[in-house]
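*Asks:* Next come the chains, spelled out residue by residue.
Protein chains: 2
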Amino acid sequence: MYSGSLAMVTDFYEITMAAAYHAKAMNDVATFSLFAHDLPPERGFMVAAGLEDALDYLEGFAFQPREIQYLASLGRFRPDFLEFLAGVRFSGEVWALPEGAVCFAEEPLLEITAPIIEAQLVETMIINIINLHSTLASKAARCVLAAQGRTLVDFSLRRTQGLQAGMAAARSSTLVGFAGTSNLAACQLYGINPVGTMAHSFVESFGDEIAAFRAFAKSFPDHTVILVDTYDSVAGLERAIAVAGELRASGHRLVGIRLDSGDLVGLSRQARDMLDQAGLEQAMVVVSGSLDEYRIADLLERGARVDLFAVGTRMGSSADAPYLDLAYKLVSYAGRPTIKLSAGKESWAEAKQLWRSLDANQRIQGDLLSLRQEQQAGTPLLAPVMRHGRRLEPEPGWKAARQRFAQEVLTLPASCLRLTDPLPLRPSVSPTLASLQERTRLEALNRQKI
Amino acid sequence: MYSGSLAMVTDFYEITMAAAYHAKAMNDVATFSLFAHDLPPERGFMVAAGLEDALDYLEGFAFQPREIQYLASLGRFRPDFLEFLAGVRFSGEVWALPEGAVCFAEEPLLEITAPIIEAQLVETMIINIINLHSTLASKAARCVLAAQGRTLVDFSLRRTQGLQAGMAAARSSTLVGFAGTSNLAACQLYGINPVGTMAHSFVESFGDEIAAFRAFAKSFPDHTVILVDTYDSVAGLERAIAVAGELRASGHRLVGIRLDSGDLVGLSRQARDMLDQAGLEQAMVVVSGSLDEYRIADLLERGARVDLFAVGTRMGSSADAPYLDLAYKLVSYAGRPTIKLSAGKESWAEAKQLWRSLDANQRIQGDLLSLRQEQQAGTPLLAPVMRHGRRLEPEPGWKAARQRFAQEVLTLPASCLRLTDPLPLRPSVSPTLASLQERTRLEALNRQKI
Numbered sequence: 008m009y010s011g012s013l014a015m016v017t018d019f020y021e022i023t024m025a026a027a028y029h030a031k032a033m034n035d036v037a038t039f040s041l042f043a044h045d046l047p048p049e050r051g052f053m054v055a056a057g058l059e060d061a062l063d064y065l066e067g068f069a070f071q072p073r074e075i076q077y078l079a080s081l082g083r084f085r086p087d088f089l090e091f092l093a094g095v096r097f098s099g100e101v102w103a104l105p106e107g108a109v110c111f112a113e114e115p116l117l118e119i120t121a122p123i124i125e126a127q128l129v130e131t132m133i134i135n136i137i138n139l140h141s142t143l144a145s146k147a148a149r150c151v152l153a154a155q156g157r158t159l160v161d162f163s164l165r166r167t168q169g170l171q172a173g174m175a176a177a178r179s180s181t182l183v184g185f186a187g188t189s190n191l192a193a194c195q196l197y198g199i200n201p202v203g204t205m206a207h208s209f210v211e212s213f214g215d216e217i218a219a220f221r222a223f224a225k226s227f228p229d230h231t232v233i234l235v236d237t238y239d240s241v242a243g244l245e246r247a248i249a250v251a252g253e254l255r256a257s258g259h260r261l262v263g264i265r266l267d268s269g270d271l272v273g274l275s276r277q278a279r280d281m282l283d284q285a286g287l288e289q290a291m292v293v294v295s296g297s298l299d300e301y302r303i304a305d306l307l308e309r310g311a312r313v314d315l316f317a318v319g320t321r322m323g324s325s326a327d328a329p330y331l332d333l334a335y336k337l338v339s340y341a342g343r344p345t346i347k348l349s350a351g352k353e354s355w356a357e358a359k360q361l362w363r364s365l366d367a368n369q370r371i372q373g374d375l376l377s378l379r380q381e382q383q384a385g386t387p388l389l390a391p392v393m394r395h396g397r398r399l400e401p402e403p404g405w406k407a408a409r410q411r412f413a414q415e416v417l418t419l420p421a422s423c424l425r426l427t428d429p430l431p432l433r434p435s436v437s438p439t440l441a442s443l444q445e446r447t448r449l450e451a452l453n454r455q456k457i
Numbered sequence: 008m009y010s011g012s013l014a015m016v017t018d019f020y021e022i023t024m025a026a027a028y029h030a031k032a033m034n035d036v037a038t039f040s041l042f043a044h045d046l047p048p049e050r051g052f053m054v055a056a057g058l059e060d061a062l063d064y065l066e067g068f069a070f071q072p073r074e075i076q077y078l079a080s081l082g083r084f085r086p087d088f089l090e091f092l093a094g095v096r097f098s099g100e101v102w103a104l105p106e107g108a109v110c111f112a113e114e115p116l117l118e119i120t121a122p123i124i125e126a127q128l129v130e131t132m133i134i135n136i137i138n139l140h141s142t143l144a145s146k147a148a149r150c151v152l153a154a155q156g157r158t159l160v161d162f163s164l165r166r167t168q169g170l171q172a173g174m175a176a177a178r179s180s181t182l183v184g185f186a187g188t189s190n191l192a193a194c195q196l197y198g199i200n201p202v203g204t205m206a207h208s209f210v211e212s213f214g215d216e217i218a219a220f221r222a223f224a225k226s227f228p229d230h231t232v233i234l235v236d237t238y239d240s241v242a243g244l245e246r247a248i249a250v251a252g253e254l255r256a257s258g259h260r261l262v263g264i265r266l267d268s269g270d271l272v273g274l275s276r277q278a279r280d281m282l283d284q285a286g287l288e289q290a291m292v293v294v295s296g297s298l299d300e301y302r303i304a305d306l307l308e309r310g311a312r313v314d315l316f317a318v319g320t321r322m323g324s325s326a327d328a329p330y331l332d333l334a335y336k337l338v339s340y341a342g343r344p345t346i347k348l349s350a351g352k353e354s355w356a357e358a359k360q361l362w363r364s365l366d367a368n369q370r371i372q373g374d375l376l377s378l379r380q381e382q383q384a385g386t387p388l389l390a391p392v393m394r395h396g397r398r399l400e401p402e403p404g405w406k407a408a409r410q411r412f413a414q415e416v417l418t419l420p421a422s423c424l425r426l427t428d429p430l431p432l433r434p435s436v437s438p439t440l441a442s443l444q445e446r447t448r449l450e451a452l453n454r455q456k457i
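Going down the list, the protein sequences come from chains A and B.
When we follow the working numbering, the leftmost residue of the first sequence carries the number 8, and every step to the right adds one.
When we follow the working numbering, the leftmost residue of the second sequence carries the number 8, and every step to the right adds one.
Simulated from the structure, these hints should not be mistaken for laboratory data.
Please note: incorrect hints may appear among the correct ones.
Same chains, same label: a pair holds when it works inside one copy or across any pair of copies.
As the list claims (entries may be wrong) - Straight-line alpha carbon distances no greater than 30 Å define the calculated DSS-like cross-link-like pairs of lysine-lysine that follow:
no. : residue 1 : residue 2
1   : Lys31     : Lys352
2   : Lys31     : Lys225
3   : Lys225    : Lys352
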């Protein structure tokens with residue numbers, strides 16, 4: 008398990024470029040912009056997330072002495088550079104979309120302005136953090152849409168790509184409306200509601216299914232969700248109902264039953280009927296097992312009666328689109344706008360602002376990308392969050408982000424919300440930015456001809 | 008960033024089940040088996056990886072006092088259970104496939120035998136760790152196959168699902184034959200070779216492309232790979248060749264050039280020709296940009312001339328198959344074999360051994376799953392690696408695993424090695440295991456009828 012500094016979690020070239028800059032005494036102020044060139048075809052919108060971790064990272068940026076020693080051992084760096092590197096902290100400014108905002112390709116999620124060595128050194132982790140959280144939040148948001156108001160919880164931890172992805176899955180899914188997570192560490196860290204039922208192994212270890220149900224109910228008389236499919240789901244349901252009767256007799260209430268395999272449409276309907284007939288109208292039908300937004304939509308369309316979806320691996324790994332094509336591009340250096348002209352990967356020059364206009368129905372009419380200092384119609388979405396390497400305000404946290412997402416999702420056009428073949432928006436570009444871009448392109452080409 | 012214990016990184020139900028077991032004083036010895044029900048359709052084999060981290064986790068398993076306090080604050084657990092939990096360490100036995108072994112669905116990657124509470128508490132992280140590493144190693148192995156002997160390096164860190172996934176991508180790709188990684192933290196932790204070139208931003212910050220190339224070459228006269236596609240790849244190549252001439256004049260040598268966009272087939276051929284004509288036969292053509300095994304195979308098939316592939320996001324997130332369907336199933340408890348009968352998810356009872364037979368060409372003829380104590384033909388693949396909660400031997404590390412994989416990959420039938428529509432093997436099952444399974448199934452069903 009890694010125990011070094013986060014500064015070391017970087018592509019090696021960030022260090023070699025820093026060394027080359029340092030040797031040339033080149034360290035003027037640069038602005039980098041973080042955005043997606045395109046959305047994955049399966050996504051009609053993105054949810055901005057991860058800013059809290061990103062700002063933590065920037066505030067804590069520093070190499071440890073043994074890391075500088077390791078770099079020295081590579082035999083490629085001058086002592087004066089290593090001494091400089093040991094003292095580097097992040098002293099820059101950050102503008103960002105707030106967590107929970109919905110956004111699209113070409114729209115900056117974050118812009119960093121700092122001496123170029125600092126701004127370059129933080130590239131890898133800034134992309135990594137925002138990509139991880141925004142990828143998972145965008146996926147979880149689709150599960151929320153598919154569930155049409157039903158409760159969702161996160162069961163993904165066992166097959167996320169590492170523990171950090173598990174923490175991000177718990178936080179990001181909560182941010183878009185999930186009601187809880189099975190991830191205990193995330194519950195403690197973020198103050199999320201812990202949820203869980205029981206495993207098949209628990210039932211098997213007793214051998215006798217009803218004995219297992221009774222043992223669990225005895226320990227947690229007010230928090231029992233019984234897993235009924237270890238051997239035969241209908242027989243399991245009957246036993247769960249018997250245990251529910253015993254709980255009721257002692258003044259408690261069965262929370263629900265869980266189905267994890269088989270014909271979930273038929274079984275969920277049968278479970279609902281059996282529970283209702285036993286006077287257990289309040290007991291929830293919980294469904295799990297390879298769920299994602301497609302499967303949830305399909306189950307509901309085919310008439311499944313589900314109160315709570317426990318969503319796992321496919322959400323927690325964003326299985327159909329496991330990354331966003333986020334890039335962190337230099338947009339100005341030493342007061343000069345910069346762009347990359349590589350085929351198909353052009354970036355917009357200069358620090359920017361993003362403006363959103365809503366129509367009469369409070370749906371997004373369009374986003375507009377402008378230079379940061381321009382004044383345009385609509386609401387400006389990017390705001391300063393860090394200056395001189397310090398947060399301007401304490402992080403609002405996932406609860407504020409959750410409120411924001413709940414409001415912003417209502418502004419998305421139906422074409423963005425579709426689960427299949429969604430049509431994301433693209434921002435238009437202000438005339439000022441467009442003409443600056445054209446000037447910068449010509450200038451860049453001309454400069455190469457010298 | 009999470010700073011608690013790894014014991015807390017668990018599904019909440021592991022704790023509630025432990026509490027229910029504890030309340031019943033049920034803590035006999037259990038064996039759990041970790042295996043994949045099926046491989047993703049895109050995979051013809053798996054590479055076992057992650058054991059080193061898994062054993063670290065087991066040896067270090069312990070809750071911190073503030074975590075026990077947090078659990079107490081939930082108001083669901085009895086003080087005697089919390090006191091017990093505070094003292095839990097992992098005291099069990101582990102049998103496992105060595106890292107770098109190739110394997111298939113239904114084959115145990117790892118089996119844990121311990122008092123059931125311990126064995127259950129470690130479930131979530133054991134699955135998470137082995138899933139992460141084996142998923143990424145299996146993906147990276149396909150890139151190695153596609154590259155047909157050309158050098159590969161890992162550039163994935165910026166878009167892995169978190170830093171831990173980035174560390175695992177670096178280690179797992181090295182394990183299957185990659186020559187280096189851009190991930191500096193992984194280089195320090197694992198002793199991997201750091202690699203890197205330069206970013207487009209570096210070129211843009213100078214404005215003048217050749218000035219950027221010269222500055223880098225001056226700082227790293229023996230380690231320079233020039234990125235040529237920021238503005239125009241062919242013009243960039245000409246400038247790189249000019250700088251290579253300057254390096255040569257001062258007794259140094261350009262390591263290579265990197266192409267990251269555009270028609271990589273045509274550009275790589277042109278680059279090779281231009282470099283050769285300039286007497287730079289030793290300078291490498293490095294290619295990057297949305298590479299994976301499919302793209303590498305396609306580039307080579309269409310005649311690209313590439314010396315080194317820098318593979319990023321799609322490898323580091325295993326984009327086409329971002330998880331393995333690993334399950335951790337109870338196979339015996341208190342001396343009694345156990346199975347789950349859930350539709351489509353049946354598991355094999357009891358602690359097992361896996362035997363491999365090779366044919367006359369040293370290719371796998373077949374794998375056989377038996378009870379652990381059986382003696383069968385072939386080589387036994389599972390070996391004890393931990394007893395009484397302590398490793399039997401120091402971890403052999405990724406270098407030994409790399410050697411193993413290099414040998415084992417040669418034993419895979421062509422049908423497993425195909426990049427598209429591969430046909431993975433399935434183990435056969437010994438008659439003894441098959442009849443035990445049948446008896447256990449009947450017994451489980453009968454027990455439910457009581």
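*Asks:* A separate judgement is required for each hint: does it hold in the structure or not?
*Replies:* Consistency of the hints with the structure:
no.: 1; hint: Lys31 to Lys352; result: within (28 Å within a copy, 62 Å between copies)
no.: 2; hint: Lys31 to Lys225; result: between (72 Å within a copy, 10 Å between copies)
no.: 3; hint: Lys225 to Lys352; result: between (61 Å within a copy, 28 Å between copies)
The structure meets every hint from the earlier list without exception.
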